[in-house]
Structure formats: C-alpha cells, structure tokens
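Chain residues, written in single-letter form:
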Amino acid sequence: MSEQAPNATLLQLKGIVKSFPGTLANDRVDLAVRAGEIHALLGENGAGKSTLVKIIYGVLRPDAGEILWRGQPVHIASPGHARRLGIGMVFQHFSLFEALTVAENIALGINDPAARKDLKQRIVEVSRSYGLPLDPDRSVHDLSVGERQRIEIVRCLLQNPQLLIMDEPTSVLTPQEVDGLFGTLRRLSAEGRAILYISHKLEEIRALCERATIMRLGRVVAECDPRQETARRLAELMIGNELKVPSHAKGGSDSRRQRLVVQDLTLASDQQFGTDLKDISFAVAGGEILGIGGVAGNGQNELMAALSGETLAGRGDAVTIDGRPVGLLGPGPRRSAGAAFVPEERNGHGAVRDMTLTENAILSAFRRMRLVRGGLIHDRQATSFATGVIRDFDVRTSGPRAEARSLSGGNLQKFIVGREILQTPGVLVISQPTWGVDAGAAAAIHQALLNLADSGTAVLVISHDLDEIFAICDRIAVIFHGTLSAARPIREVTVEEIGLLMGGAHGPAAKEPSDAHPA
Amino acid sequence: MRIRLEPRGQRSPFWVYGSPVLALLLTLATAAIIFTALGKDPVASLYTFFVAPLTSSTAAPELFVKAAPLVLIAVGLSLGFRANVWNIGAEGQYTLGALAGGGLALAFYDSTSPLLFPAMMAAGIIGGMAWAAIPAFLRTRFNASEILTSLMLTYVAQQLLIYLVVGPWKDPEGYGFPQSRLFQEAATAPNLVAGTRIHLGVLVALIVVGLGWIVMAKSLIGFQLRVVGQAPRAARYAGFSERRAIWFSLLLGGGLSGLAGLFEVAGPVGQLTPQISPGYGFTGIIVAFLGRLHPVGVLFAGLILALTYLGGEKAQIDLGMPNAVTFIFQGILLFYLLACDVLILYRVRGAHRLIMERAA
Amino acid sequence: MSGDIAQIVAAALTVITAATPLLLAATGELVTEKSGVLNLGVEGMMLVGAIAGFATAITTGSSTLGIAAGVAAGAGMALIFAVLTLTFLANQVATGLALTIFGTGLSALIGSGYVGIAVKPLPRLAIPVLSELPLVGPILFGQDVLIYTSFLLLAAVAYFLYRTHAGLVLRSIGDSHEAAHAIGYRVIGVRYLATIFGGAMSGLGGAYMSLAYSPSWSEGMTAGRGWIALALVVFATWRPARLLAGAYLFGGINILQLYIQAWGWEIPSQFLTMLPYLATVLVLVLISRDQTRIRLNAPACLGKPFYAAG
Chain E
1 MSEQAPNATL LQLKGIVKSF PGTLANDRVD LAVRAGEIHA LLGENGAGKS
51 TLVKIIYGVL RPDAGEILWR GQPVHIASPG HARRLGIGMV FQHFSLFEAL
101 TVAENIALGI NDPAARKDLK QRIVEVSRSY GLPLDPDRSV HDLSVGERQR
151 IEIVRCLLQN PQLLIMDEPT SVLTPQEVDG LFGTLRRLSA EGRAILYISH
201 KLEEIRALCE RATIMRLGRV VAECDPRQET ARRLAELMIG NELKVPSHAK
251 GGSDSRRQRL VVQDLTLASD QQFGTDLKDI SFAVAGGEIL GIGGVAGNGQ
301 NELMAALSGE TLAGRGDAVT IDGRPVGLLG PGPRRSAGAA FVPEERNGHG
351 AVRDMTLTEN AILSAFRRMR LVRGGLIHDR QATSFATGVI RDFDVRTSGP
401 RAEARSLSGG NLQKFIVGRE ILQTPGVLVI SQPTWGVDAG AAAAIHQALL
451 NLADSGTAVL VISHDLDEIF AICDRIAVIF HGTLSAARPI REVTVEEIGL
501 LMGGAHGPAA KEPSDAHPA
Chain A
1 MRIRLEPRGQ RSPFWVYGSP VLALLLTLAT AAIIFTALGK DPVASLYTFF
51 VAPLTSSTAA PELFVKAAPL VLIAVGLSLG FRANVWNIGA EGQYTLGALA
101 GGGLALAFYD STSPLLFPAM MAAGIIGGMA WAAIPAFLRT RFNASEILTS
151 LMLTYVAQQL LIYLVVGPWK DPEGYGFPQS RLFQEAATAP NLVAGTRIHL
201 GVLVALIVVG LGWIVMAKSL IGFQLRVVGQ APRAARYAGF SERRAIWFSL
251 LLGGGLSGLA GLFEVAGPVG QLTPQISPGY GFTGIIVAFL GRLHPVGVLF
301 AGLILALTYL GGEKAQIDLG MPNAVTFIFQ GILLFYLLAC DVLILYRVRG
351 AHRLIMERAA
Chain C
1 MSGDIAQIVA AALTVITAAT PLLLAATGEL VTEKSGVLNL GVEGMMLVGA
51 IAGFATAITT GSSTLGIAAG VAAGAGMALI FAVLTLTFLA NQVATGLALT
101 IFGTGLSALI GSGYVGIAVK PLPRLAIPVL SELPLVGPIL FGQDVLIYTS
151 FLLLAAVAYF LYRTHAGLVL RSIGDSHEAA HAIGYRVIGV RYLATIFGGA
201 MSGLGGAYMS LAYSPSWSEG MTAGRGWIAL ALVVFATWRP ARLLAGAYLF
251 GGINILQLYI QAWGWEIPSQ FLTMLPYLAT VLVLVLISRD QTRIRLNAPA
301 CLGKPFYAAG
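Sequence order for the protein chains is E, A and C. Per this note's numbering, the first sequence runs over residues 1 to 519. Per this note's numbering, the second sequence runs over residues 1 to 360. Per this note's numbering, the third sequence runs over residues 1 to 310.
Just so you know, these hints were derived from the structure itself, not from any lab. Any given hint could be a false lead.
Unchecked claim - Over the 10 angstroms line for every Cβ pair with chain C, so calculated as not near, a few chain A residues: (1) 28; (2) 191; (3) 322; (4) 339; (5) 341.
To be verified - Negatives, chain A to chain C, calculated, CB over 10 angstroms: (6) 133; (7) 176; (8) 181; (9) 207; (10) 244; (11) 268; (12) 317.
Unchecked claim - Between beta-carbon pairs, the in silico distance windows are: (13) 308/C x 388/E: 40 to 48 angstroms; (14) 271/C x 117/E: 55 to 63 angstroms; (15) 183/C x 68/E: 21 to 29 angstroms; (16) 195/A x 113/C: 33 to 41 angstroms; (17) 165/C x 224/E: 44 to 52 angstroms; (18) 218/C x 28/A: 27 to 35 angstroms; (19) 173/A x 255/C: 55 to 63 angstroms; (20) 188/C x 117/E: 27 to 35 angstroms; (21) 276/E x 188/C: 33 to 41 angstroms.
Ideal Cβ positions, reconstructed from N, Cα and C, are used throughout, including at glycine.
Only chain E is shown next, with the shape it has when bound in the complex (with noise of 0.2 angstroms):
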C-alpha cells in the first residue's frame, strides 16, 4: 500500500487560474491534500469546486497557477495520466454502460489486456475485502444507484490510487449506503490514501472530514477543521454572510385565497435515475411567491411535470388551480384553468430551437390568446403577441421572425418567461429561472416575477439557487428526496436550518399547517 509518511502532502495546488466566457470559474485557487487525510471541498452550486477537481484529474487545464504531486511540479494532460500519477476520480453522474456487466464495465476502463486477466476474481476480492461488494456478472441495469456508485469506486481502486476525488458521492444513496460508504472511506484513509471529498452537506462534512476547504465564487474563502466548527459557521462561510432582503414589501400575501393547491401528490418516477415523490402537500395564496430548494436530482423535474400536467398525477385534487381539480388533466386543460410553466429546460422544451418566437409564442399561448380560429393559426394576432413580448420584456433580437436558436440563453429565457407572464396567469410555476443567465436578464426576469405576484398572481419558483429563492420569495420549503418541507416565511428561517434541510438532516418532511384545505 501507500508508502507516504503520514501528514506528508500529497496534492498541492497553488494560484490556480481558471476561466470561461463570461466566468471566473476559479480565481487563484490553493489547495493542499495530505497523505491518510480526508478533505473536504466545500461550496454551493457554481463556486467552482467542479472545475477545480476536473483540472486535477485531468479533464481541464489551468489558465494559470502550479500542481504539486507529492513535492514535484507536474501538468495533468489527461485523466490517463492523472490515473497513472496515482488520482482516481468517481464522478457525480456515472458514466456506466446500462447493458453491461459489472466486469465488463470495469474491464472498459482498462486498457492492459494482462491487466484484465483474472479480473472477476480481483473485483470480488477488491469490492469484499473494502465493504463494497460486487458480484461480477451482474447487469449494470438491475443495480441500484448506490450499487452503481461502488463499481466507480472498485474501478478507482483497482488502480491502486493514492488520491481519491469523490465528487458529491452521497446526492443519490440512501442514509445506510452512506454509513457503508463513508466506513469504506475510512479505511481507505487508513491506508495512507488520501480523499478529497467534494460536498456541500454540512452534517456529513463534519462527521467525515478532517479538514475542509471552503469556496465561494470561484475563490477560496477559508479553511478550517470542519470538526471544530459549527454547522452554521459552515452554512455561513459557504453561503455568504449577506441575506439577501426581498426587493419588494411583501410578508406573503393579505388575501388567503390559495390559488395553487397541491395535497398529497405522491408519484412514481417514470426515469430509471428519477426520484418517486411522496406526499408532497403545499400551497401558494394570490400575491405571494413560494420558493422550493433543493438541491438538483431531489425531484424538482418530477414536480415540475406533474404540475404542469406532463405527467398526470393519482387523483383529480392533486392538483387545484383556482379550485378547479386538474390533476388528471393535461397541460391544456391546465392552462385554460389560468396556469402558466415555465420549464428548466429551454432548449428543445419551453421552446423549439429551429422555430420562430411567433411559433414558439403559439406553443404555449395559442388557447389563452385565442391564437387559433377554426384549426387555422391566426398568423397577425400571433405575431402581435410575440412583438408585445419582445418589446415589453426588452428581448435582444431582430424580430418575431428570429428562430429561436439564434437568441442568447438569457433572451430567450425572458421570451418564454415574458410569453407566459403576458397570457396573465393566475397561477405561475417556473423552474431555475436564471439558470445560465446573464445578471442583467437575471434581474429583469426578476423583477418580472415580483411584479406578476404584485398583481395577485400565485408564484411558484424552483430553484437550486439559494440567492435567488432569499432575493424573490416570500416563503421556502426544500425538496429533498422526493419529499418537501414544510413551507417557513423567509424572514423566520436561518442559514443552517436551510443548509441542513438541503442537506436532509431533518429527515422526511412535516406536513404543511392548516392553512391547506383539509383532504
């Protein structure tokens, strides 16, 4: 095994420089990784810890900035090589073969034809002998996400690593999987390899990890013994000090009509890799915006469909909008019921690339706007209405006639965002509205939104961007595993009860108050 003196460093890096158009995704950057230690990489969503790990293992390289393996200079130019140096990486999304073995996946990765000799042999020893085990002839298909997780990692190990990177290793495995895994981590350590362990899950943070290093926006912003510190000091530290004020004077709304009602909803996901949801029960009043957290992969898309009506939920009062009972109607329905969606996806599901604006306004407003009389388009109205959106909701482009292929992500996000605010809906449901967007679209889709709930309309965002959900909402729940929290205005709720309700500390969700119409 490792013949590192322990403490002696393994991994240094040091002023690492890294961008992309429009980012800064790492702003010089030092790390150092000892020999036998667990360190923790710590950030939210966009603070750079990807793009870190990715110039360690190979995928990326730096614009500036030095990599020390244990004491020497080097330049990763691959993953080849960052597995030769001694670095193994298991990645957040698996990239395993569906219809495959267990032994012919791993034997994929290997290149050495006597290197796969007695393989079977050697992966049920490896996989046994690290709590981990593997039954070689398995399909890939018929394993369980935490069972896929151990193939990455006996892969890893195979390869005799001196330095692990595990990257969000805990997002998709069950409370025992993890208890089994972080054993396995432990013992690893105990050999004298080191483990950079990328998350951004407080609890398990602290009860893992020996030290932590801390990111936010690309820099580093401390380093610490996360034993030591308390969860909030974390939250606070990767987070931000600064909460966000909501720009506009609403405490949730006067009227209590609750125009958005969802009660019981309970789905099965029809994704191999999707999330069931349970019992998610909420609602939104006229006038207000409830924001839904969560980190990505909990359920959000799930929800997202079964509201909007793509999939159809058990029963009828699943879903109410208005008081009308439209769970087991379509999207159509829905929206002539007063609802409007906006997806996560723009490309190729709130709009179609290769089509005009005027075209993609019909897709969504052709019902509410009477675009359509007698099965024929109403080609004028149509195109009035998509100008209205372009001018009211300063869309960059030259025209109704532009495809939409040809717009940047944040003008076509405030196309279908301005297409589904002017059909004035009674209920809206958007989901990540400034993903990938520019800070000045950003803000007017913010304002857009504010503005709608001012109105009276009921506004539900989803979002993994804290920032946003504290900017905008006047109440938060957290998705976590399928299952929701109950909704806290935001003014009552801390940092780190937010922090750990992402990270599922609190376990499976309470129920929403009395405010609910009873089952």
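Starting from the known structure of chain E, fit chains A and C onto it as the hints suggest.
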C-alpha cells in the same frame, strides 16, 4: 481520408435551397459517368433522358400525368415525416386505394351515373386510409415500428392485388391474362386537356399541394406535427398528443396514396393489373425529401422525378437501356441530397487542416 | 417408411435453405445494430450481392468467386451508407431507404442481361459416412458450404461479441457512445467496421439466394427478405441465439406455404405468399409490446448520429 465537420451554429439559408440544386447537378454528372460505363454517348444519353421528354409535344404533358401520383403521395408523406412518422408503406396504401376504387367500378360496371367517379375517389381515399390505419394502430397500441409494419403490408397488398386480378376480378373476355376489365366510361377519370392524358388527378394534385401548404404552415394540426417531430418534449409541454400526430400522419399519407392509386387505375392505366405502380410509393419518399418536406417543394420535386420516369422510358426505347436505370438515378439523387444536406448545419473541412495541426 | 423419412428430410431441407439467407443477413445486421447503427438498406444490399454473385459465377464459372463477389458487393454498398451516415451525419432512416432503392435499381440494371440463365448450384458437402446416416445424415452433414458457414458465422459473431474485448468495446459503443468516447474508444471507426461487416453478410445472403436457393437471377428476387431480416433482429432482441430460432421459424413458415397446398386446403397461393409478411408483423407486435424488454436489450444509441465535439 479525414473529413472534419465544423458546426455553423445556425442553419445556412443558402444551403437549404442550394443543397437540392447541388445534389441534382451531382446526379447529372454521375449519370453521365454511368452512361459512359454502359457504352453510350453521355451527352446524347443525358439529352434523351432529361431534355427530350420536355421538348416533345406528346411527351411534355405526360410529365404532369406522371407527376400527379408522385405529388399526391409525397404531400402526405412529407407531413408525416415532419412529425417523425415514417410511412414507408405508401406503395401498399396506393394499391389498396386502387383496389377499393377499382372494385367499386367493377361492381357497378353497367352504371353511367355521374356519381360513380366521385364515389370511386372516396373509396380510393378510404381504402388507402384503412391500410395505413393498421400500422397506426400497431404503433400507438403496441409500439411496433411503423417502418417495418407498413412495409410488410406493402407486400401483402401486392399479393392481394394479384389474387384479385387472376381470380375473382379477372376479365372474362381477357384471354386469361391477369387483368380486370377495362373500366367503363363513367368510371374513368375525366380528361382535362384534349389530346393529352392529363386527367382530373392532375388538378386534384395541384389542389392538394395548396391544401397541404395551408395545413402545414397555417393550421394548428400542422403546427402540432412539426413540434412533435422537432421537439417531442416541447410537444408534451404544449399538450400536443403524439398519438394524434401518428394517426393523423398515417391516415393522411394513406388517404392521399390511395387517391393516387385510384387516379392511376382509373386514368392512365384504365384497369387493374399487377403492374399498376412503377414504384410510385417509394419514389414518393424521394420526392418528399427532395421537396424539403414542403408541399410546394414537393410539386417541383415531383416534376423532376416524373422526368426521370419519362426519361427512363425514352431511354429504353431510343437507347436500349433497361428501365432500372431510372431507379438508380433516383437512389443516387437521394444519396447526394442526404450528403449535401450536411452543408446546411456544418462546414466541411478536408484533410489538409489535419496535416497542419499535426505539424504544429 | 422410407417415403416418410424422405418427406421429413425434404421438409427439413426446405426449412434450412429458406432460413439461411435470413440468418446470414440478420447476423450481419445484428452486429451493425449492436454498434448503434440502423441500416435499413439490407434488402438493397442483398439484391446487389445476389446479382454480383450470380454474374461473377456465370462469367468465371466459379461459384467460390461468385460468393466472394457477393460479399464484396454488399460490403461496398454498406460503405456508401457508412460514409453518408457516419461521416456526413445523414439521417440513418432516409439513407437506408435510399440504399434499398438504389440497390434494387442497380441490381436490376446489372441483372438485365442475366435473366433466365441457369447456373450450377453450390455443391453439397457430402461428408463421407456421416451423410449416409438415415434421416440425420443428409440433414446435418449433406448441406452446401454456405449453410455450414451460416452457423459458423453466427457462432463466431456470438463469440466475438460476448467473449472478446473488441466485441465488448463494440457493444459499449452501441450502449453509450458518449461514455465510450470518453474512455477513448474510436466510435466512428468501429461503426464503420460493423456496418461494412453487416453489408458483407447481407451480400453473402443475397449470393446464397442466387447461387444456391433458386439458383438463378430475377429482378427483386429477395422479395422483402431483407426487411424480414431487420424484423428478425428486433424479434431476437439483438441476441444471436434467438436470431437462429427466428430465422428457422421463418423457414418453417416457408414449409407451411408449400404444405398447406399439398394438404389440399383450398387457399389461393397469393394468400400463402402473404404468410411470411403477416407473420413478420405479428412477431413485431408481440415483441414490441414488451417495452421494458426492448428498452433493456436494444442498443441505447441505435440510430443516433455521433458527433465528436473535438
């Protein structure tokens, strides 16, 4: 042999129209080579094939007669292809339309009613639709590929045709040949231009082009088909049903193909025989692509491919070339079109750049 | 007694010879599809293989050269398809159709001079002693070369796909070309090889038809077998063993066609000719109903173009 593709980032409007033109030119060039390989003078052969049919006063109107069934079929197919519904069985739907309408004619052989022909048209449409309904049902209910099912049914339809014309529907005075009786006056497609074979079907084809354009560009259902084909998730978001798109596409394609079959047997052919289609159902697919899946484009593409049929016939007579040459050209035209279409979205870079990169 | 045996032997022979072209073409298409490429041009490739084989055999007097020509012709057709779909990223469905139309025309053109000519059929491999055994002898040991080859090739393909690293790589490319590319495998290169192999096998199947099954040439003589082969691959859920069963099932339907008439049932021959096509539809429906099974076994990247973004 390294060819690199560089994405343009947006569709090049020049190449959307330029690609078919380039493909045509390349096909002509290849045709010249093939003629030479067959031992014929390339220039004379090209002339016979592509120009002579247009200049002759008897052959030129034939262009429209040959184009009519192609256009009818291709308008239906093009709408379906836009929705990603691949109706490959147009040939079989054509046959069933011919059988339905032709059967009606034979059943009322002594009739002189002016209602007979309209009834035959309706029968042709229904016959084609019914045959296309089978793959539609199998796809929406059982998820069976409409490509394979519609194609298998083409072979079945052909056998059905043969059975009927050698059996129950055989002309008793036909000397035992496998053919039905010649259709009576009232069951024949009315002639539109004296001295030519231009029949009602030509006019109907033109009308269908106009209607097809309205449906595709202006109607809600046309819009739905386009969204389903381009972005299935957006279609679901809009509340458009994929099922409805499949049924509509197949029924439309089937109905129009059936109508085309009816016009052929009630018009130029005049009876039911085993050879009522020189592959119109398959050529229709090429017409649809060449016409950029747009009804107006289909009109022009139909005329061009009709020309290849006429040219093939002429080449057979004048140059002694086998009829199969027509299909070769059609296949080659589609190949070139598919290859040239890459220019719409990508720039093509040759190997020299790679050499330069290696040297750097 | 011996009359019955003779009947059984004859029946078995009919099944085997009917199944062989399907088996050959479908085996090739299986490999192609396993790598993620959907080549609908099988019918066209078979026809071109048939005429190439026939014409070469007549001209050179050697059926071996004829077989080689059939293989080469099928491979050449597949190369056209590969260039269009893998390098020029053309739509695979449309290109496959184009290939069929082109192949039908090309084969008719070349074949126009060969209609009605007879060729010496492929010699039967009479293995001494063994082929003399009653019943089993002629069936198992007295067949022509290509029939044995069809079994060998199927077995070789199964071994290649499931027991070699190269076969594993091919399967991985069909499963997730992105992941395979990320590991460093040459997606396009492997797909080229798989497609050309598929074409070679289709050509071989076509050559079998014109050199052994008929043996003669007529326009469109494959009568849709290429399409049936495509359906067979789906029916077999992309696994070689089931492919064998499927091909012989269709061979059996051929028997049915012949024997229904012999049994005195008054069914017009055209309806009997419809049987294989109707059976294909039925088989497709039955297998497609089980969407989970299809999803598990169909190569996940089937028909999807792959563009390596630098």
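Compare the structure with the hints numbered earlier in the document and write down the numbers of the violated ones, lowest to highest. 3, 4, 5 and 19
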